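Colleague: For reference, the chains in residue letters:
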Amino acid sequence: MMEAQSYRVRVGLATCGIAAGADKTYDQLVPLLAEHGIVPERTGCLGMCFSEPLVEVITPTGDSYLYGGVTADKAAAIVEQHIVGGKPVEELLALASSAATENDHFMSKQHRVLLEHVGVIDPESIDSYLAFNGYKALIKAVNEMTQQEVIKEVQKSGLRGRGGAGFPTGMKWNFTYQAKGDKKYVVCNADEGDPGAFMDRSILEGNPHALIEGMTIAAYAVGADEGYIYVRAEYPLAIKRLRIAIKEANNHGYLGNKILGTNFNFNLKIKEGAGAFVCGEETALLASIEGLRGIPRPRPPFPATSGLWGKPTLLNNVETYANVPAIFRLGAAEYSKVGTESSKGTKVFALTGKIKKTGLAEVPMGITMREIIYDIGGGIQDDKEFKAVQIGGPSGGCLPAEQLDLSVDYDSLTAAGAMMGSGGLVVMDETTCMVDLAKFFLTFTQSESCGKCTPCREGTKRMLEILERITEGKGQPGDIETLEELGSAIRDSALCGLGQTAPNPVLSTLRYFRHEYEEHINEGKCRAGVCSNLISYFIIKDKCVGCTVCAKNCPVNAISGERKQPHEIDQSICIKCGVCYEKCKFDAIILK
Amino acid sequence: MSKVNITINGLALQVDANMTVLEAAQSAGIDIPTFCHDPELTKAGACRMCVVEVAGARNLPAACTTPVAEGMVVETETERVQKARKTILELIWADHPHDCLTCEKTGSCKLQDYSYRYDVKGSPYQGEVREIPFDDTNPFFFRDLNKCILCGKCVRKCHEINGAGAIDFMNRGFGTKVTTAFDDPIEESSCVFCGMCVDICPVGALTPKQGLNQGRPWEVDKVLTTCPYCGSGCTFYLHVRNDKIVGITPNFAGPMKGHLCVKGRFGWDFVDSPDRLQTPLIKKDGEFVEATWDEALELIATKFKEVGAQYGADAIAGLSSARTTNEENYLFQKLLRSLGTNNVDHCARL
Amino acid sequence: MAGLATAFGSGAMTNTIGEIEDAKAIFVIGSNTTQNHPVIGYRIQQAAKKGAKLIVADPRYIELCDYADVHLQLKPGTNIALLNAMAHVIIKEGLADEKFIAERTENFAALRVTVEEYTPEYAAEITGVPAEDIVKAARLYGEADAAMIFYTMGITQHTTGTDNVLAIANLALLTGNVGKPASGVNPLRGQNNVQGACDMGALPNVLTGYQPVTDAAARAKFAKAWGVELSGRVGLTVTEMFNAAGAKEVRAMYIMGENPYLSDADSAHVRHCMESLDFLVVQDIFMTETASYADVVLPAVSWAEKEGTFTNTERRVQKVNPALKARGQAKADWEILVELAKKLGFAWDYSCAEDIFREITALTPSYAGISYDRLGVNGIHWPCPTPEHPGTTILHVGQFSRGLGHFSGIEHQDPAELPDEEYPFMLTTGRILYHYHTGTMSRRSKGLKFIQNEELMQINPADAQALGVTEHDTVKVTSRRGSVKSRLQITDTVPKGVVFMTFHFKETAANLLTNPETCPTAKIPELKACAVKIEKA
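Chains as they are written, first to last, in the working numbering: chain X, 643 to 1234; chain E, 53 to 402; chain W, 2 to 538.
Note that these hints are calculated values from the structure, not bench results. None of these values were measured; they are calculated from a predicted model. Heads up, the beta-carbon is just placed ideally off N, CA and C, and yes, glycines get one too. Mixed in with the good hints there might be a few duds.
Claimed, not checked - Restraint-style ranges between C-beta atoms, simulated for each label pair: (1) W:Leu468 <-> X:Pro942: 56 to 64 Å; (2) W:Val398 <-> X:Pro942: 34 to 42 Å; (3) X:Thr1056 <-> E:Cys152: 42 to 50 Å.
As the list claims (entries may be wrong) - Okay, the calculated bits of chain W under chain E, using three or more residues with CB under 8 Å as the criterion: (4) 7 to 13; (5) 257 to 271; (6) 471 to 477.
Whole structure, please, built from the sequences with the hints as guidance.
Modeller: Structural data, given as C-alpha cells:
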C-alpha cells in the first residue's frame, strides 16, 4: 500500500480527450484511486489523438506508462492490475518509457519544446506551471534585461511568426517598440480557423501560462500595458482555462499592475470571436476586437504602427508567443540550434486525414514531409497509396508524392506552391479526388469570404461554380484556363491575405494534378471514384454468385437478378451511393 | 511636407510623402480607375480596380491605399494590371443586370465607362445572380441592390460625413448587401435623406426619383447655382432639360465639398408647384382679380404717392427678403429710401 | 447682430466653415446645427471625430450631443448665467489669455467684476446645469489652442438676445479666440441670404456695408449716386412696423418674399396690424398667408429663374444663375422693382442683375473688389476691398473692426415670461431638418411632405404621462396670446417642463402663441421662451 501511494496518474483532458470519453474515465478513476490515496491529475493533450482517451501512470521509480483507448470501462483494469498488482496492462499500452511499443516512432522523431509540458502539467494550476520553471523567463526579462535586450534576444533566436506567413518575430516586436504612441497593445491571435487545425487549441488547453508568459514578455519589450487574446468562442475549454490562468497570473503578480514589483503594468483580457474565419486575418481581428464588423482593412498602416484603436499593436499567434518563454529559458543561441538556416526552432503540426496516427506532433524545422507522414504518422491508413498532403489549410497548397522529401521550412514550402500556414497537415490517399479536394477548400473560403473586395467576393464564387461544374461532369473546354486566369487575378488583386491565398488549393492542385482536372472534363472520369456523376458501378458476371445482398441493400432498387444468377445494375436508376460496392463480399462490383 | 521621388509610367515625380500612389498619379494627371475611392472618405481598398504594378511587390497593390515611398517605381497600365482590372469588371458583370439601355445611370456609370475602357465584351462567368427586391418605398430615390457593386462609398458617406449611419453591410461574402439595420425600409431607419449616397453611387444602384426618364446626362444643361434654403450656401448644378429641372449634381469642387441635406438635394420641386403665382392680382371686393403688370404697378405707384403725400414718407414701410438676391435687396432698400423713409427691414431677426 | 457689432465692430461670422475641421474645441450654443444647418453639422461632427472637444449648450438633447464631450442642458433663457460662470472659471483657473486681453481689448474690468459672483454653483442654480459640467466646459474651451463658437437663434431670439451675444463675445475675447484660424464667434444665419440682405442695407439703420443712415457723409454719397434726398432718421424694425401699422402710423406696406403672418411672434397681433393697413403689396412666388391679406399681389420668379448673388453665413458671395425661364408672367424681383421705380418717377436704368451688382460694389467698400467674373465656383468672402484682394476668411486679424475688442459686464435676466401655475410649460420654437421657415417652399416639395407634413410638438415622456397623453395624440396648447392644436411626439430629447414646436405648419401656427416682447437693442422677439398650458384636445 505504501508503494501504491506514490504512483501518479494523469488523464489527458483536452477537448480531444474529452471527445473520446476521457472525462468519464477520469470520473471512474477518482473513487477507484481514492482507495489507494491517489488523486488523478488533469492534464492537456498528449498528442496521440489516435489513441484517446489517454491515461498515464508514473511509477514510484519514475517510469512512465501511457495507456491508450482507456474508456471508462477499462479504468478498473489499470488500477487493479498496474497500481495494485504492479503489472503494466500490456494490451492498453500506447507508450512506455522503459519498453518498446508500436508508437515509439510517433515520439522519437519529435522535438518537443513547446509541447514539452503539454500533457504533463495541470493547465488549471499555476503551481503546476511554476514547478516546471514557469515564469522564470518573464522574471529574467523584466528583472535583468532592457526592452531592447529582450527584442535583440528574440531577433537572435530567429523565431518567425507561426501563424502562416513567417514574418520575423523580433523585427515585428522592434517595429512596435519603435512606433510612437501614448498607448500600445499586445494582441494574440487565437482564432484558429483552418479546418483540421488544433495546434493552438492544444496549447491553450494544455499550457495556457506559456502563452500568457510569452505575451507578458512581449508587452514588456514593446511597452504595452494592455493586451487581448482573441480566441474563438468554439473553444470553450480553452477560454475557461485561459480565464483561470489569467486570474492566477494576476494573483501571483505575473500580470496586472506592478508586475514583479516593478512599474511594468500589463492587463490581459479575453475577447471571444464569433467564429468568422476572416477574423483570423489580423486587421479583421483588430476590427472585431473594436466591436466593428470583422473585415480586413488595407495595410499599410500595419498594426505595429496603427493597430487596435489606431494605437501601435503587436499581434502574434498562440504558438509564436508560446515559443518565447523557451527562448529565454534556453537562451537564443541554444534555441536556434534547432531548425534550418532561415527557419529556426520547431513547428507543431496537426496530422489529420488518411494517416494512421492522427494527432499533434512537434518537429524540428527542416524535417522532411516523409518523416512526418511515415515515421511519426505511421504512414497511410490501410496502407493505401499516398497521393498528396495539403499543408497550410485552405490558404495553403497541396504537395504530391514527388515532394515528400521536401524540407519542411517556410521558404521551401512557399517555393513548392504551398505554405507553412498555421500547421494543419491533411494527408490524402488514392481515394481522394484532387478536384473534389479543391472544391472542398473553395467551398470553405467562399463561404468565409467577408465580401469586402471584389476579387474574393465574386471571384471565389465563380471559381467554386466552375469546380462544381467539373465535379458534376459538366466541365467545359477552357475551364482549366479560366480557373488559372481567375485564380491568378484573385491572387494578384485581392485585399487581404485570405483572398490572395484563396485560389491556392486550386492553383496547386492544377500544378501537380492537372491531369485529374483534364480527365474530369475531357474523359468524364474521376480516378478516385469520388465524383458521383462521373462514376458507374458494374457487376462482373463471373464473380457474382447471386447472393442478392446488393439488390436487397440498394436504396433505389436499381439491381435486379435471379437468386444464384449474376445480377445487373440499371445505370439509369443507380444513384451511385456505393452501398452495393461495400456490401458485396465477392468483389464482384467494380467502379469505373 | 517632405517630398519623395517616385516614377509613374516612366514619369519622374516629386510628390508629398503622405500621398498614396493614386493621389500621386492624379496629381500628375494620370487616371487610375476606381469605384470605391472618395478623397474625403476612409480608404477602403475594396473594389481593387486601382491595382497597379509596383516594382518589387509580389502582388498588385491597390493604388488608393498604397503610400508612396522614395524611389518607388509604378506602372499603371501594364498587361498584368489590365488583365486584373478586366477580370474584376467581368466578375462584376457576371452579377449585374444588363439593362443599360434603359438604366437611368447610362452615360454617367463608371461600370460602363471602365468596361468600355478595358474592352469588356461580356462575362465569361455564368452562375448565380442576386435577386434582391427593387426598393421604391421612400419618396426620394430608388434602391436597386442587384446593381450594387459593393464599393461601400454610400456606407462611408453616411457614417463619416452625414453621421446618420443608416446603412451598413449585411451578410457576408457573395451574400453581402448594403442595407439598413434589420433590413427595415429605409424611411423607417435613421436615414435623413441627404442624398449624398445617391450622388456618389458609381452605378445605378441608387438613383433619384426626380427626373426619372427625363434626360440622359448628355442631354441636360448643368447650371451652377446656390441653394435657396438655409444660410450655409451650398452650391450645386441644376440639370435642366426642356425648361424643367430634372436633377442636380452637387458642386464637389466647391467649398462645401458637395455635401447637401435633404432640402437642397431633393426639395427644389416647389419651383413647378401648380399653384405658382403667374399673373399680378388686384383685390377687388375681397377677391383677387387678375391684372396686367401695368395696372398693378400703376396702382401701387399711385397708392404709395398718395400715402407719402398725405401721411409723409415714414407712413410707408417695406419688408425686404432674406430669400431674394443681394441685387434685389439692394434695389428694395434703394426704392424705400428713395421714397424718403428708412422703414426697411427683413426677417433677419426671425 | 448688434451684440457682435458692439464687441468686435462687425456682426458677421468671424471665421469660416472650412476652418471647422481644424478647430481644437467647438462650443455650440443655441444652435441645433444638424437640423438647421445640416452641412455645417456634418463638419462639426467630423471635427469631433477628429478629436476636437465639443461642448453643446442646449435645453434639448440635440443630435450633436452624441458627439459632445459635455452637454450643458440649460433651462431656456439662462444663457448669460452659464456663459458668465464659464468666464468665471476661465479667469479663476488662469486660462485667460492675458496678453490678448492687454493688447487687443478694453473694459476687461467690467467683465471681471460682473462674473465674480457667477460661481459654477450659483450658475447651476439658475441654469439647472451641474456645476462640474460648467467647469468642464470652461476648461475644454479655455484650454484649447483654437476654439470656435457657433450660435443661432437660440441665443438671439430672447429678450436678452443682444446681451447673450455680448456674453459669448466675452468668452472669445477672454481666451484670445478671435482673429486667428479655427476660432472666433460664429453666428449661423438661418436663411440663404440673410447675410446678404443685411449687407445690402435691408435694415432700418444702415445702408449697404453697414454704413449708418445717421452718418451724413454716407448719406451724401448715396444721395449723390442715387440722385435723391435721403432721410437721416432711423427707420422701424419688423416688429415696430406692425405695431405702427396697428396704430395707423404706417399706412402702406410693401412685403417682398416674406411671410410674417406665420414667422413673427404673436401672429394674431400681426394679422390685426396687417388688416389695419390702408394698402398692402405682397410680392412672392406663392399665395402665402400674408399675401392673402394684400391689396396687390405681384408674381415673382423662383430662385431657379433668375440671376444674382447670395451671401452665405460665412460672408461668401456666390452666384445664383438662371436655369429656367420665368413661369407665366412672373418677373424677377429686381425687374419688378425697376419697373415700379420707373412708375414712381425714378430714373433707374438696369438691364441685368450685374448692372445692379456693379452699383453695389461702387458704393460698398466691403464688396468693392468683387465682380461676377471673379466668383467662379467658390465665391469670395467679404471684405474684399479691391479687385486684386483674395477676400477675407478671418475677421479681426491683428485689429478689431472697431479697434479694440470690447468686454461687457452682463447680468442674467429671466425671460420675459416664465412658466407659472396657469401656464406651467415653457414653449421653445425652432425648425426641423425637413422643412424651412413658414413652409412656403418645403411644403410644396413632394418628398419633404411625405416625410413630415404636420406639427409634432415634442414633449418629455414624464410630462406626457402626467397629462395622460400618448404618442401622436392631439393637444390644445394655449398661451396668453392664443391657442393652437398640435399632435405630439413624445421624446426625452426635451427636458421635463419644456415643449418644442416649429413654425413650419400654418395649421398649427406656433407664433399664435409666442411672446412678441423683444430684445430692447436688436428688437428680436423672444421666440425661444414663452409660457403655455397644455390640455387634452
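Colleague: Taking the hints in turn, state whether each one holds.
Modeller: Consistency of the hints with the structure:
1. Restraint check, leucine 468 (chain W) to proline 942 (chain X): a C-beta distance of roughly 59 Å satisfies the suggested window 56 to 64 Å.
2. Between valine 398 (chain W) and proline 942 (chain X) the Cβ separation comes to about 39 Å, which falls inside the hinted range of 34 to 42 Å.
3. A beta carbon spacing of about 44 Å between threonine 1056 (chain X) and cysteine 152 (chain E) agrees with the range 42 to 50 Å that was offered as a hint.
4. By the rule of at least three residues with a Cβ nearer than 8 Å to a Cβ of chain E, the coverage given for the segment 7 to 13 of chain W is violated, with 0 such residues.
5. Only residues whose beta carbon comes within less than 8 Å of a beta carbon in chain E count, and the segment 257 to 271 of chain W has 6; three or more means the coverage holds.
6. With a threshold of 8 Å between beta carbons, the proposed coverage of the segment 471 to 477 of chain W by chain E is violated, since 0 of its residues qualify and at least three are required.
The earlier numbered hints that this structure contradicts are 4, 6.
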